[in-house]
Amino acid sequence: MTKRPRFGLYALVILSVVISFLPIIWLVLTSLKTTEGIYAWPPQYLPDPFTLKNYINIFTNSPELLLYVLNSFIVALGCTVVALSFGGMAGYALSRLGMRRAGVLMVFILAVSMFPPVSLLPSLFQTFLNLGLLNTYTGLIIAHTGLFLPFTVWMLASYFATLPPEIEEAARMDGMGFFRIFWSIVIPLSWPGFVATGLIVFIFSWNEFPLALVLMTQNAMRTAPVGISLYPGEYAFPWETISTATVIAIVPILIITAIFQKQIVGGLTAGAGK
Amino acid sequence: MTEVKLDRIGKSYGSVEAVQQFDLTIREGEFLVLLGPSGCGKSTTLRMIAGLESITKGDLMIGGTRMNDVDPKDRGVAMVFQNYALYPHKTVFDNMAMALKLQKVPAAEIQDRVGRTAELLGLTDYLHRKPAALSGGQRQRVAIGRAIVRTPDVFLFDEPLSNLDAKLRVKMRMELQELHDRLGATSVYVTHDQVEAMTLADRIVIMNGGVVAQVGTPREVYDRPADEFVAGFIGSPAMNFLDLMRDDTGRWITECGSLVLPSLPVDAGARRQVRLGVRPEHIAVTAGGQPQGDLDYQAEVLLDELLGADALLSLGVGKARLLARVGGTDHPVQGDRVAIALTAAQLHVFDADTGVALRD
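Going down the list, the protein sequences come from chains A and B.
Heads up: the first sequence is residues 1 to 274, going by UniProt numbering.
Heads up: the second sequence is residues 1 to 360, going by UniProt numbering.
Keep in mind that the hints are not guaranteed to be accurate.
Simulated crosslink set (PhoX-like; lysine-lysine; CA at most 25 Å straight-line) [unchecked claim]:
hint : chain 1 : residue 1 : chain 2 : residue 2
1    : B       : Lys130    : B       : Lys104
2    : A       : Lys262    : B       : Lys104
3    : B       : Lys73     : B       : Lys5
4    : A       : Lys262    : B       : Lys90
5    : B       : Lys104    : B       : Lys90
6    : B       : Lys73     : B       : Lys90
Source of the hints: derived by calculation from the structure; they are not laboratory data.
The whole structure should be built from the sequences, with the hints applied where relevant.
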């Protein structure tokens, strides 16, 4: 390791951060502009005049946005809880209980997740219609869980693989059964993995579009991405409303990520090195 | 106090035999050490006794009951792991109390038993700490305490001292010895460290490639190694080995002809070739003068290494090389001519092909 500051590396990092954040920054700036400011040519970089009118308007004119955010929150939370419960148990069984052909099963699970969700839509819609699951939280939670469970299993299985097996063996000698070992030893020791995985699943579900669009047909049940995308009116594209609504929809994710960021990094890099 | 009987126990993974025909009775209260290089099957054997590894062949009897298919917790065994394997999210007390809680022992009795064990191990002040707040030695003591608290019939130790630094290892080794004297429970201890094996064991089982090479007291395996592997494994630095050929006059000569033995201390039968083993501490080295031994040779010191109390000398006897251990004061140094003497009773002779020790 050199002690010399590596300017090239820093420049690269800053550049990539700017590039990935530019759309979001632009979005925030747009939400703070007037309609004239948005369409101005040459483009305005900083809002002039700076206005919070869009935020006030959206809460007074389209209160359903809060409903969309709430729907997204319920679905994402439900999906996260269900995916972590089943993914945790499946991942533990696959990585630790010495199952025969566990590797084959893991690959099979991964293969299933390779289907593009769109290809499942017609049959999924018909099934959900028959089961009366359209426009229900349960329905979309089930659909999202199905979509993200393979990822959850893989993430958690690889996290469990990093735990020293002797702790579980000691627990067996102490007289714990497999479920008890999982519950009172493995879960407490793996919570950084659970937090990181759960957060990613939460964000996936929050952002998921095609299934949410098709399975939630009533306006009151729409999730944030779907609801916001349906804002464009008949005659105009209300950029100020869309950008403002999007910023509002991003905020919950930002807050959660900020709270758990330490665990995310710890969970994602677990097992990467000693 | 319980006898453990391993009746021709074997373990295979597919076509690979990790342990073959392990046949041994561990006596009540005995401290048995399984010793061998890594991959020799000693840990697998221990884990089969513990119930963490299934037994492919043979019967495991603990206290007269067949235990092959019994759950680990019901075998009356407790295990101490190399990396402690404590529950990191639980306090020392909870770590030690876990097995008792699971057995539904009344809380007051748990308090009492954990308290007494903690006192025995000097852990009383640490009962409410988490393992992360303890030193390596303290952690291993908790791991030992967790085993003691259950009052098992058999203690199993899987290289319990390997993670400790050298100084602490010596201290904990002595503590383990005292503990065994006090509790008197049957113990099986796995290690690759021969000093641990020699100091702790009532009997040592030396394993090599999944097979038991020798079972014996520390004295026996040192004095009368069953084969070349045991002879080379026990003792530090390792035994010197020389190939000897018998010439037409019945003398035994090294290949290069530099060492000549008029006869062997054992009957070699019709063999024309054997391997001779000499421990470094059994080579008497005298600077200049004539030593009093059965077999005297002239040698040159090629290298001297001072260890402190002792020194190691690499000796050249003609083209043959021998390592000798001598006292650390006023020892011969590199370049000195010395006289060396071997004692016939301290020589070991092995079959050149099978490595089996030849005895009268």
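Taking the hints in turn, this is what the structure says about them:
Between the alpha carbons of B:Lys130 and B:Lys104 the distance comes to roughly 23 Å, so the proposed pair stays at or under 25 Å and holds. For the given pair, A:Lys262 sits about 39 Å from B:Lys104 by alpha-carbon distance, which is inconsistent with the 25 Å threshold. With a C-alpha separation of about 18 Å, the suggested pairing of B:Lys73 with B:Lys5 holds against the 25 Å cut-off. In summary, the hint linking A:Lys262 to B:Lys90 is supported, as the alpha carbons are separated by about 22 Å, within the 25 Å threshold.
Among the hinted pairs, B:Lys104 with B:Lys90 is consistent with the structure: their alpha-carbon atoms are about 18 Å apart, no more than 25 Å. In summary, the hint linking B:Lys73 to B:Lys90 is supported, as the alpha carbons are separated by about 20 Å, within the 25 Å threshold.
Of the numbered hints given earlier, the model fails hint 2 alone.
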